[in-house]
Amino acid sequence: MTELKSPPPVRRIVVKESTPVAPPKRRAGRAAAAKSTASDLLSAPRKRPAKKGKVTDRMQTMDFSVAYAGKPAVKEVNLKVSQGEVLALIGPSGCGKTTLLRSLNRLVEQTPTATTTGMVTLDGRETHELDVTDLRRKVGMVFQQPNPFPMSIFDNVAYGIRERGSRRPGKRALEPKVIEALERCGLYDEVKDNLSHPALRLSGGQQQRLCIGRSLAVNPEVLLLDEPCSALDPRSTTIIEELIMKLRDEVAIVIVTHNLQQAYRVADRVAFMYLGDLVEYGPADQLFGSPRNKRTRDYVSGAFG
Amino acid sequence: MSSAPVSGRLPLRKRLPQMPEMPKLRRDRPLPDPDEQVAWSPIDRLGVAACWAAGLLLCAIAFSIVIYLLVRGIQFVTVDAIGQHPVVGQSTDAGPSTAGGYLDPILGTLILTTIGTLIALPIGVGTAIWLSEYGRPSWLARAVESCVEIIAGTPTIVIAIFGLLVFTQNLFGFLSFTAEGGAVFGRSFIIAGIMMSLIALPLIITSTREAMQSIPAHVREASYALGKDKISTIRRVLLPASRKGIATGTTLGMGRIAGDTAIVVLLLGASLTLQGQGGGVLGTLKGTGSTLTSYVFANSPAGEANSPEKAYAAAFVLLIIVIFMNFAVDMLSRRRSDK
Numbered sequence: 001m002t003e004l005k006s007p008p009p010v011r012r013i014v015v016k017e018s019t020p021v022a023p024p025k026r027r028a029g030r031a032a033a034a035k036s037t038a039s040d041l042l043s044a045p046r047k048r049p050a051k052k053g054k055v056t057d058r059m060q061t062m063d064f065s066v067a068y069a070g071k072p073a074v075k076e077v078n079l080k081v082s083q084g085e086v087l088a089l090i091g092p093s094g095c096g097k098t099t100l101l102r103s104l105n106r107l108v109e110q111t112p113t114a115t116t117t118g119m120v121t122l123d124g125r126e127t128h129e130l131d132v133t134d135l136r137r138k139v140g141m142v143f144q145q146p147n148p149f150p151m152s153i154f155d156n157v158a159y160g161i162r163e164r165g166s167r168r169p170g171k172r173a174l175e176p177k178v179i180e181a182l183e184r185c186g187l188y189d190e191v192k193d194n195l196s197h198p199a200l201r202l203s204g205g206q207q208q209r210l211c212i213g214r215s216l217a218v219n220p221e222v223l224l225l226d227e228p229c230s231a232l233d234p235r236s237t238t239i240i241e242e243l244i245m246k247l248r249d250e251v252a253i254v255i256v257t258h259n260l261q262q263a264y265r266v267a268d269r270v271a272f273m274y275l276g277d278l279v280e281y282g283p284a285d286q287l288f289g290s291p292r293n294k295r296t297r298d299y300v301s302g303a304f305g
Numbered sequence: 001m002s003s004a005p006v007s008g009r010l011p012l013r014k015r016l017p018q019m020p021e022m023p024k025l026r027r028d029r030p031l032p033d034p035d036e037q038v039a040w041s042p043i044d045r046l047g048v049a050a051c052w053a054a055g056l057l058l059c060a061i062a063f064s065i066v067i068y069l070l071v072r073g074i075q076f077v078t079v080d081a082i083g084q085h086p087v088v089g090q091s092t093d094a095g096p097s098t099a100g101g102y103l104d105p106i107l108g109t110l111i112l113t114t115i116g117t118l119i120a121l122p123i124g125v126g127t128a129i130w131l132s133e134y135g136r137p138s139w140l141a142r143a144v145e146s147c148v149e150i151i152a153g154t155p156t157i158v159i160a161i162f163g164l165l166v167f168t169q170n171l172f173g174f175l176s177f178t179a180e181g182g183a184v185f186g187r188s189f190i191i192a193g194i195m196m197s198l199i200a201l202p203l204i205i206t207s208t209r210e211a212m213q214s215i216p217a218h219v220r221e222a223s224y225a226l227g228k229d230k231i232s233t234i235r236r237v238l239l240p241a242s243r244k245g246i247a248t249g250t251t252l253g254m255g256r257i258a259g260d261t262a263i264v265v266l267l268l269g270a271s272l273t274l275q276g277q278g279g280g281v282l283g284t285l286k287g288t289g290s291t292l293t294s295y296v297f298a299n300s301p302a303g304e305a306n307s308p309e310k311a312y313a314a315a316f317v318l319l320i321i322v323i324f325m326n327f328a329v330d331m332l333s334r335r336r337s338d339k
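Taken in sequence, the protein lines are chains A and B. Numbering-wise, the first sequence is residues 1 to 305 according to the numbering used here. Numbering-wise, the second sequence is residues 1 to 339 according to the numbering used here.
No lab work stands behind these hints: they were computed from the structure. Any given hint could be a false lead.
Claimed, not checked - Below 25 Å or equal to it, Euclidean Cα-Cα: the simulated SDA-like pairs (lysine to any residue) are:
{"no.": "1", "chain 1": "A", "residue 1": "Lys-71", "chain 2": "B", "residue 2": "Ser-138"}
{"no.": "2", "chain 1": "A", "residue 1": "Lys-192", "chain 2": "A", "residue 2": "Asn-219"}
{"no.": "3", "chain 1": "A", "residue 1": "Lys-192", "chain 2": "B", "residue 2": "Pro-240"}
{"no.": "4", "chain 1": "A", "residue 1": "Lys-177", "chain 2": "A", "residue 2": "Asn-219"}
Please put together the full structure from these sequences, using the hints given.
See the structure below:
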């Protein structure tokens, strides 16, 4: 509908031709723009209540690098992922934040050309020493596009719990766990009467919460979220952000986001990446309020990216 | 917040040169329908008219096939005829021969379609899984793809003559109708079914593979991220998700099998009735028989039992069977994927 209301293209061309060529004075203009955005960002209401509960380190990367076919994508990154905190990875497109996220559960190995150096540890053990199945059960992941499997809501959640092999637990035995997972992701009240309905009939926001519930069903210690709200409407985004706040004390959460405001709203700790480098890593208040690095300041204030 | 001087915070707009006035949008009257607003060029009009004509022509052809066959064969399209064995009766000047039905051809079509599909389905789906999910080394994948295309492009009469060549070997005597002295005829339902599976195979492979490749990579990764390996991902996620593609390929394959004549004539024998080799189900499968297609052929002016009305009737029944088969598989896949 909105498409139809736009003016016919002929008129648009006229406007384009008369666009002024004279650019504003660069430095001064940028600084002014930067100031106003930064102040807007910090004046936004913050969801995150003061931190409570204790913070435990779960994962750590040590001089960790990833290269695709020899081309570095993540360069010697050192950071910690802690339970009780939300860590946000921010940065412009192609800065390696998703690659870093996918390295935490070794999903990056799905890319045939990817090579890694350095270490990633989970609870003090190197992830490469762990069985990849165990690792991925402990480090769950939610994707950008809601991607429930083409089966019922119940089966979607039960999918991760069901072990391979001949002794498959029955529906009765799985039910408490499935319900618990659906309650934790805040979906149970909406779907309790139609657990056998196909998951693909849910709305986008519900599907994404189902994907979170699916990951929670196997009781992970770390939950990786790869731009979980970028395909969702604002209301669903709010619900998911509140869910993230609620889960913060139970699992360590890492969220990749393109949305600075979102990072500011939900994160306790923020890592800013740029062209594969971890430029700045610290508490959210510090990184948004008084960034130490000039690049961080420019990015946070909206000067580039 | 940093303690930058406030003087740097001049409103941004003051620094920009004056923007030209945008032409005012008239929103006070409803926008015309975009389709009507466009002035169609004569060539576009001609093209659209041709598209309409093509669609309508296709409908007309489909309906006229069904109706023409029904009208010409109506006296033989009876419930009785379905239950009767066929007999050879030449039409004479006195009138068309009305003797016999087409029980055996219907059974033959069903048996052959079942055998062909049962062989083609697992092989086809397996090949499609390998091509879509493994496909390493890539030269092998390319070779497999080419082979599928070669099979798909081979005329069925060539497949039939090749089948005759292979299955008349004494080695395969146990699959075939054999004469008293031990001569291997290379003709039976089993052999015809095996060769029939070849014509269904490419269709099943192609549509299954397309269905699997249309599943986005992050769905597979979501399964891996739950600690599942490739095998369970394929079994529990990818195969259910591509059920519709598999069903489509199978339907097309079944239609091709039910409609093929060359393989039947060469590899099933020209007997109108089922001629079992020994008793029982296995005896029937090893025996020869006919299908609706070979019955149509036999009763057509080109065949030995020249009575075209029977051919029209049988052709009509064949058409109904194929249409029903398409419909059934379509419904089946739709219902299962909804659940």
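Here is how each hint holds up against the structure:
Taken as a hint, the A:Lys-71 and B:Ser-138 pair is honoured in the structure, with Cα atoms around 23 Å apart against an allowance of 25 Å. Distance hint between A:Lys-192 and A:Asn-219 is fulfilled; the C-alpha atoms sit about 21 Å from each other, no more than 25 Å. A distance of roughly 24 Å separates the Cα atoms of A:Lys-192 and B:Pro-240; the hinted pair therefore holds under the 25 Å criterion. About 10 Å separates the Cα atoms of A:Lys-177 and A:Asn-219, which keeps this hinted pair within 25 Å; it holds.
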